[in-house]
Amino acid sequence: MTRFVERYPFWSLLLLIALAILLWLVFATWPPGLEQAIGRKKVFLNAVFNGITLGGLYFLVASGFTLIFGLMRNVNLAHGSLYLFGGYLGYTVSTATGSWLLAFVVAFVVVAAVGVLMQLLVFRYMEGQDLRQTMVTLGLSIVFADLMLWVFGGDFYQVATPAWLVGPMELPFVTAVKSTGETVYLSYPKVRLIIFAGSVVIGIAMWLALHRTRIGMIVRAGVDDRDILAAMGVRIQAVFVGVFAFGAGLAGVAGVVGGTFQSLAPGEDTRFLLDSLVVVILGGMGSIPGAALGAIIVGLSEQLGSVYIPSYAIVVTFLIMVLVLALRPQGLIAAR
Amino acid sequence: MALVQNRGAARAQAFDFGEPAPWIVAVVLILLPLVSNGFFLSEIFGQTLILGVIALSLMFLAGYGGMVSLMQLTIAGVAGYMFALFGVSGSHNISLNWPWWLATPMALALATLFGTVGGALAVRTEGIYTIMITLAIGAAFYFFTNQNYALFNGHTGMNSIETPSFWGVDWRASLPFYYLTLLVAGACYFAVDYLGRAPFGLALQGVRDNPRRMAALGFHVNAHRIAAYAFAAFLAGLGGILQVWNYKQISPGSVSPDACINVLIIAVVGGVTRPVGPFIGAFIFVMLRTFALDFLREIGLDGNRFRLLIGVGFLVIVFWSPDGVIGLWERWRRSHAPARPQGGGGHG
Chain A
0 MTRFVERYPF WSLLLLIALA ILLWLVFATW PPGLEQAIGR KKVFLNAVFN
50 GITLGGLYFL VASGFTLIFG LMRNVNLAHG SLYLFGGYLG YTVSTATGSW
100 LLAFVVAFVV VAAVGVLMQL LVFRYMEGQD LRQTMVTLGL SIVFADLMLW
150 VFGGDFYQVA TPAWLVGPME LPFVTAVKST GETVYLSYPK VRLIIFAGSV
200 VIGIAMWLAL HRTRIGMIVR AGVDDRDILA AMGVRIQAVF VGVFAFGAGL
250 AGVAGVVGGT FQSLAPGEDT RFLLDSLVVV ILGGMGSIPG AALGAIIVGL
300 SEQLGSVYIP SYAIVVTFLI MVLVLALRPQ GLIAAR
Chain B
0 MALVQNRGAA RAQAFDFGEP APWIVAVVLI LLPLVSNGFF LSEIFGQTLI
50 LGVIALSLMF LAGYGGMVSL MQLTIAGVAG YMFALFGVSG SHNISLNWPW
100 WLATPMALAL ATLFGTVGGA LAVRTEGIYT IMITLAIGAA FYFFTNQNYA
150 LFNGHTGMNS IETPSFWGVD WRASLPFYYL TLLVAGACYF AVDYLGRAPF
200 GLALQGVRDN PRRMAALGFH VNAHRIAAYA FAAFLAGLGG ILQVWNYKQI
250 SPGSVSPDAC INVLIIAVVG GVTRPVGPFI GAFIFVMLRT FALDFLREIG
300 LDGNRFRLLI GVGFLVIVFW SPDGVIGLWE RWRRSHAPAR PQGGGGHG
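Top to bottom, those sequences are chains A and B.
Everything in the first sequence is counted per numbering that gives the first Met the number 0, starting at 0 for the first residue and increasing by one.
Everything in the second sequence is counted per numbering that gives the first Met the number 0, starting at 0 for the first residue and increasing by one.
Same shape as in the complex, but just chain B (with noise of 0.2 Å):
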């Protein structure tokens, strides 16, 4: 990803247990719910958590494999169109109505498979090729979920999707989604964190700074980069379910290719350099589309210029900060904090 490689590409660091930030972002996330409210727990911080991790899977696919890759949210849709097709939905005629447990893994294994598929075929082109076919195969997917009544029941999509309700809890309610979501977004997060550090990793992102040399070491760089695909696409997918769960209905809406975009968007605001950055991405741009009706209105401006909003403020990160929030914070604490050792092991 030359947007990467130009200053500081990726590289995972290990988790900093001195640093004070990580742990208060942790303890304010967990005591979340005693002060905030159902709206602001599912719409907001659920979204947030949510479309972090749809993203997530985008930037260890940017961050580590250089591999941009427009086809996540269509990952993320598979999963949810497949959760709608195996479980119990308002559409009687198509859905299977399997339990809960079983629709869940099947949807995650359709959808890794999906995502992995579509990357076999993005890795036999180079580099710039692959934004094309990702973007060519996720808006491939919204036409047909469109024209397509057999399997996705076309323009109206799958509504009143039953949701997992066991031991007493509805697990829909604010309150359990929220820390349910949560569960799995950390989990995602430090399984990317974890992986980037990991042999495969590494390997990885060799492959993203000269494949030809990591090939002559005997390193088999399209198998790594499919293997890459595999899991940001199980990564994709478990977001689609959160999603689903959350909507408890999904359409061609959710695939469409502004939604894909989208995702690369907060990939990119927030930086694809760690994997915090698509969840700080994803804050901003959940706080953009909740409150940019109001704040549009307040500047007296059309409050439906929204997507206008969002593309001004992707150009302006793409010109102005290539890593995108992160670098905009990284720049800013190396020239406030210059008597801080480099390289040094932290605090004592």
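Chain A extracted, bound-state conformation (with noise of 0.2 Å):
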């Protein structure tokens, strides 16, 4: 951090203004001007509020994707169709158990077989090649959205909030003051905060597995030189196999989160692909911290951007990938 701020003292200032102003923004009272130029402070909070929660969402996606990625250089185009199982899976077994945490359990559990198997039987003849592996993960994910079209259909499909979830939470955020004096707080859907610090905590966990723990210090090393680790006596398959399963039962685990947050339908799967491609070419690839800070700013900007620019949204987030891209084509925290 510090070293950053030697580096790049111009970028940093700006960094800190832009920080300040977003805090000023979010905790201040807003002056009548302000709400009259870009709206009510409701709206723009609630947009924020969305915007991180859904960069958790993301998070939970995209880190299993940059795991795979920047352990076995293989670009899983499935990945996206490993969501929207998931999310199926977690509506077939909530609707049929009526348990919501069930739901989780299952879907990581079988996503994550789903994963095991693709590793096994497929990815481990073709090592080394990673156009074919990447094309044959788009043929995966073809025949995956077909075979899920086939099953559930076209319909739109949403996971049961938990009754201990429904409902919104007041947080400590004025919105408003009335002209009685009376200060009005921000209230926010409450399954929504609890998904995100559970995100913040797998985010937490990983990052503590990964330089805290034995497995964690195999797959770091993985990532930087992965003959060496295998010539040191590893058994990189085992390892293989093991991040391939987590990234998939993370992705699984997403869906059911994302049909809980939206809904489930043919398509979702190419979204979330998308989402977790730009998020993970923002953080830079196999950077477990980089898939939050990319996942927060694609968060951020779709929501703020459908908010104040409806008809140009999906371009916000697009022109910030371009920008990296520019500056920083090794994604903003680089893994190597």
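These aren't lab readings, by the way, just hints derived from the structure by calculation.
This one's a predicted model, so the numbers in the text were calculated from it and none came from an experiment.
Hints should not be assumed to be uniformly reliable.
Stated by the list, open to error - Label-pair distances were calculated between CB atoms; the ranges are:
| no. | chain 1 | residue 1 | chain 2 | residue 2 | range |
| --- | --- | --- | --- | --- | --- |
| 1 | B | Ser334 | A | Gln236 | 30 to 36 Å |
| 2 | A | Gly152 | B | Ala172 | 37 to 43 Å |
| 3 | B | Trp100 | A | Pro31 | 53 to 59 Å |
| 4 | A | Tyr124 | B | Ile29 | 58 to 64 Å |
| 5 | A | Pro31 | B | Pro98 | 51 to 57 Å |
| 6 | A | Lys189 | B | Trp97 | 54 to 60 Å |
| 7 | A | Tyr124 | B | Ile298 | 39 to 45 Å |
As the list claims (entries may be wrong) - Now the stretches of chain A that chain B is said to cover, found in silico as 3 or more residues with beta-carbon under 8 Å:
| no. | stretch |
| --- | --- |
| 8 | 93-100 |
| 9 | 118-132 |
As the list claims (entries may be wrong) - Residues of chain B clear of chain A, computed beta-carbon distances all greater than 10 Å:
| no. | residue |
| --- | --- |
| 10 | Ala20 |
| 11 | His91 |
| 12 | Gly185 |
| 13 | Ala186 |
| 14 | Arg212 |
| 15 | Met213 |
| 16 | Arg296 |
| 17 | Trp331 |
Virtual Cβ for every residue (Gly too), placed ideally from N, Cα, C.
Take the two lone chains, each set in its own frame, and fit them into one complex as the hints suggest.
Have a look at this one:
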């Protein structure tokens, strides 16, 4: 951090100012002039919260994607299909048993098993041929998408939110002050906050597992140089299978989250694949903190964009990607 | 492209006038309207040639440049949308009502520009990242056309686009349109074939095989790559213009990520080692798309499982013949014609 400030004093200052403006916008009571110019503060705060919680969801999807890419150089274009599959599974389980938490467990285990099968039956035989692997994932994504369309049809599904999470939650953010002097606080859906907290916990746990455990050390060494790692006697195939299973399982969990947040339908797989791609291009391939940063940026720009410039929202996200590619092609937080 | 590098990378060969096969194909294509009806001409052969041209642009990038771009269909879509935007269409408040001879070059120029800028972004990273960046560009364009009503008319897209009609010929009628498409496709084919042997194409193949050595020799590696993107974008733009003339409408569905992936499937199934590959792939794809319904019903399956068929077929090709149908054919020829002298000058 200090090195970054020393090397780029100008950018650091700019970032700091932007951050200060953002914090002021979030915490201050907006003067009437500002409200007239860009609308009510409630709308803005809601967009920011939607963006950040959506960023949590994107992080869940993209972290598995970036982990698999970082270790195996495998661009898993079927990652969106795994997400959607997890969502459908979660929907089936939660409607059958009525248990929301069980849906997560089943989605994680089954989708991880699919990941294990993909690694064992397909990718093991084409190691080092990244393009051929990518082509295979592309073919698999088409097959998966059609199979899911076959089973679940083109309808929209939504995973039911459990009763203890339904309803709003009052947050200590002032949205407005009434003429009577009474302050109005922001109320926000409880389930989104809980899920966001969950994804933060998962993210921190992943970081700790990667940096504080032996398995994490092996995975990090594999990202740096997997040939040397294999030469040192580590059973690299087992590591590959484990990482693929974990990344796929995370995508499955994210599917349940996405099914609760939004809805599940054919086409969502492509949407989340695109988001994962943009997130890891922004953050840097193979980097977990990069995925977190990228996910928050994409979530925020998507939500703020769709509130303030609805017909060009996707362009904002895209322009950020272009800017990052132009200035820092290896990603904001590059793993290597 | 690892796929290509493993077995016999694309090597441009001089057109062999002694071979009978190309002449037969050419005569068949020219005389085709004598035996086939309008449906076959426009829906099967016209579509084959148009998709073939778009996939040819990908073949040029992937086969000669080693860059697998998933945005070639998006470039074609940009050309189509721009033609609808500048030309005459049913959306009177959007279209600018330029005549076709002005709208076409404008659309082509903008599509080429789009492809060049996209390519310039993609070459900033290495190898496998290209596929991700170009897919992101393609998917972003799809979502953009869906949500933007000012330029792209949102989900509905642009309808009843006016197509050119001059010299007393309605160029959208199946016979003139077939010959027009054939002419464009032929020109594109020979342009790629020629460029593969020209200094630029040779340098591009050098860049594909060993960028560091080419840089050391004094070639500007990224400039060659971007130029390849620009040329490929022009080809894809031509395909897009023909496509929009054929359908008279364009909507986000025409530029969906699935459609982008179809172009890759066409090129890979046909084979990216030679310019003829994409046309073979396109023919197989169009035949499957048109007749899969009946075929699947015939073998007792649900007729709607066309994409499953495509996906499985694609996987089979990627697993067993990375050079596509061309690779299969060449392997067959090699095993059946051992007497033919290698590197000989053909027939006497």
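Structure-based check of all given hints:
no. : hint                            : in the structure
1   : B:Ser334 / A:Gln236: 30 to 36 Å : holds (35 Å)
2   : A:Gly152 / B:Ala172: 37 to 43 Å : holds (40 Å)
3   : B:Trp100 / A:Pro31: 53 to 59 Å  : holds (56 Å)
4   : A:Tyr124 / B:Ile29: 58 to 64 Å  : violated (45 Å)
5   : A:Pro31 / B:Pro98: 51 to 57 Å   : holds (52 Å)
6   : A:Lys189 / B:Trp97: 54 to 60 Å  : holds (55 Å)
7   : A:Tyr124 / B:Ile298: 39 to 45 Å : violated (29 Å)
8   : 93-100                          : violated (count 0)
9   : 118-132                         : holds (count 4)
10  : Ala20                           : holds (28 Å)
11  : His91                           : holds (19 Å)
12  : Gly185                          : holds (29 Å)
13  : Ala186                          : holds (30 Å)
14  : Arg212                          : holds (21 Å)
15  : Met213                          : holds (20 Å)
16  : Arg296                          : holds (15 Å)
17  : Trp331                          : holds (22 Å)
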